[in-house]
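J.: Chains as they are written, first to last, in this note's numbering: chain A, 72 to 392; chain B, 2 to 402.
I should point out that these hints are in silico values taken from the structure, not numbers from a laboratory.
Each hint should be verified, as a subset may be incorrect.
What the hints assert, rightly or not - Not the full set, but computed from the structure, chain A residues with beta-carbon under 8 Å of chain B:
hint: 1; residue: E73
hint: 2; residue: G196
hint: 3; residue: S201
hint: 4; residue: I337
hint: 5; residue: V348
Said to hold, decoys possible - Pairs of lysine to aspartate or glutamate, EDC-like flavour, derived with a Cα cap of 16 Å:
hint: 6; chain 1: B; residue 1: K29; chain 2: A; residue 2: E73
hint: 7; chain 1: B; residue 1: K168; chain 2: B; residue 2: D192
hint: 8; chain 1: B; residue 1: K328; chain 2: A; residue 2: E73
hint: 9; chain 1: B; residue 1: K140; chain 2: A; residue 2: D209
As the list claims (entries may be wrong) - Going by beta-carbon spacing under 8 Å, a handful of chain A positions derived as facing chain B:
hint: 10; residue: Y212
hint: 11; residue: F288
hint: 12; residue: V301
hint: 13; residue: K351
hint: 14; residue: Y352
All figures in this text were calculated on a predicted structure; none of them were measured in a lab.
Beta carbons are placed, not taken as given, at the ideal position from N, Cα and C, and that holds for glycine.
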Amino acid sequence: MEFVGLVNYALFMAIFICIYALLALGLNIQWGFAGLFNAGIAGFFAVGAYTSAIISTAPADGRIGGFDLHFVIGWIGAMLAAGLVAWPIGKICLRFRSDYLAIATIGIAEIIRLVIKSEPVLTNGARGISNIPRPAGDLGYMESQIAYLIIVLAVLIVAYVVVERQFNAPWGRMMRAIRDDEDAARAMGKNVEFRRLEAFIFGAALMGLGGAMFAHFNRSITPEAIDPMVATFLIWIMLILGGSGNNRGAILGAAVVWIIWSVSEIATDRLPHEYAVQAKYLRLFLIGLMLQLVLRFRPEGLLPEPLRGDQRSTKSGADRH
Amino acid sequence: MKTKLFALAAGMMAATALASVPAQADVKIGLIGGVSGPIAAMAPAMIDAAQLAVQQVNEQGGIGDGEKLVGVVGDSACNPQGGTDAATKAVNIEGVVGLVGPHCSGAVLAAAGSVTIPAGITLITPSGTSPEISGLEDKGTVFRTVPSDDFQGRALARTMKEMGYGKVAVAYLNNDYGTGLANAFKAEYVDELGGDITQFAAHEEGKASYRSNLAELAKGGADTLVIFDYGDGTGLTILRQALENGFFDKFVGGDGMKSDAVINELGAENLSNFVSSSPVGEQSESLDKFNEAFKGVGGDPDAIFANTSYDAAFLLALAVEKAGGKKEDVAAAVTEVSNGEGEAILPGEWKKAKELIAAGKAIDYKGAAGEHNFDAKGDVPGTYALFEVGSNGFEVVTEMQ
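Using the sequences and the hints given, assemble the complete structure.
T.: In structure tokens:
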């Protein structure tokens, strides 16, 4: 193993962690702030990825676009599109309580996946979109990874600062009030439905941005990327493990889970050669076991939601529904 | 718990760092496949077939000065996230000279776009059939040993036109297989050859009756129904109901329809007007050699994509030998060892190939799944034939061009 290789691998992991951290931040707004159980992250991820791909690729036959615009426009478009898709969904579905909302959003993510897979005019169908330009992609292997990492890191920092400000602002307190006791919040004159919708759209826009950055990094997006395992449930694991309700926790969770997810494969590869294929299943088992252990021994996550003063006397998480 | 988790993660990384210092004499190739995920049932046989090539290389003198070839297995989980992760590890941590895989097209596109093309590593996929792979700006580093979905659909269209088929209706299963084939067929039959497709409709899987679909398809007066579906599934139902109700006179199927289930269920006597296309290569000496060797290690040679996986690994090994182990020269060497010129090398003939390469002579690998003479896009044309139902099952009518 050369040092250069190790650096390249670390850069790759860092880029993926930043992308997943954005998705986890988006989910944190929805679940951590507003208590909305969104199990359809993959859908918004896909909307963002495809929107940005359509906006920024070169014109192609047989589908709309590409419009060959700058990737920044693509990323903004991705956020807008994901937010726009979230609006009617939120309007209809946010009346559901937690687990009903989860079922509805799983269904919606699946609808989005099927539409993407079977509408060649919109998304090139099952073949997906390739040759998406990658910012700074013309540089060498390591240089382009470094450049891309700087870009995604900058985006992540901006997103973190914005979300953290919102969390500490009156808006954040109000959201938590709605989450913890909807009736009380309503009695104080808060427009619960509208605020929930706000949180849902805001979170979905961040997920869309994460999807766009993923598509540009890989220079391609296919329906296979909208796999709920890696585009929904893995992000839930990150948020729960990191600590829902805590933005730093969401980012930390993304880092820890992705590092374990990725590095565990190298560890299980040390098994004897005859077990090379079986080792891959062992890895999935280890990840599941880890989640079980965390949920059993530290249900509030690595970095629990910060509580201020004596404003709440109950333990965090005790009053969740 | 926090510290414990960190300790665990750190421990894993440390163990990795210590354990993965390679013995200097090993040459590694990555075998990236969808071990977990939707194709988990197919992947082990494909990886075993590739490992067979590795084993044969090592038994017959190894790479270069007797260095050992090692196949490093990675899990792409059949999605881009897993594919790029596995490819990054193979390229950077294991230091592979080339990759066999990933298996699924989406993973191939992503792994090529973000890892192997920038790093200048050769990638040969044994099962990525998406036409998008042809269009990658890959600096000649991406190859495949399986034909693109485009080829079969277009070849079928040309053959049908030659055989004088007129107006046709097309029914296809609504998934990537059915859609890909149907669109390629339509593009060639209508746009290139000026043929007439009266109805072009997708159908969903697993319904009890397709009579309403068939009635719709029969409108427009086509006498031939082209079915892109699976002969042991929905395709069989459609064919049966079309025969029962006399909607069409003639039937044409893609390779999925060339299934013994069709003959067993419907009877050969009812299928005199049914033909289907399918890849051939089945009779070649190369395939016999591979089948025998793969049976010898306990594999099932009929497993799907086993022969393409073997070919990909063997080709990569030949290219590495030809390039003298230099990673940057492997891609060019892949086309040199299999371009139709030079002494023929069959599966398993590593020793012979090694001697010829050492002597500076040209070699031409004739693979189990085809000749693998790559075009400029790294694609293989694939060889197809049209089959009809005879007294002994499927029989070749004509080669397809």
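J.: So which hints don't hold here, by number, going up?
T.: Those not satisfied: there are none.
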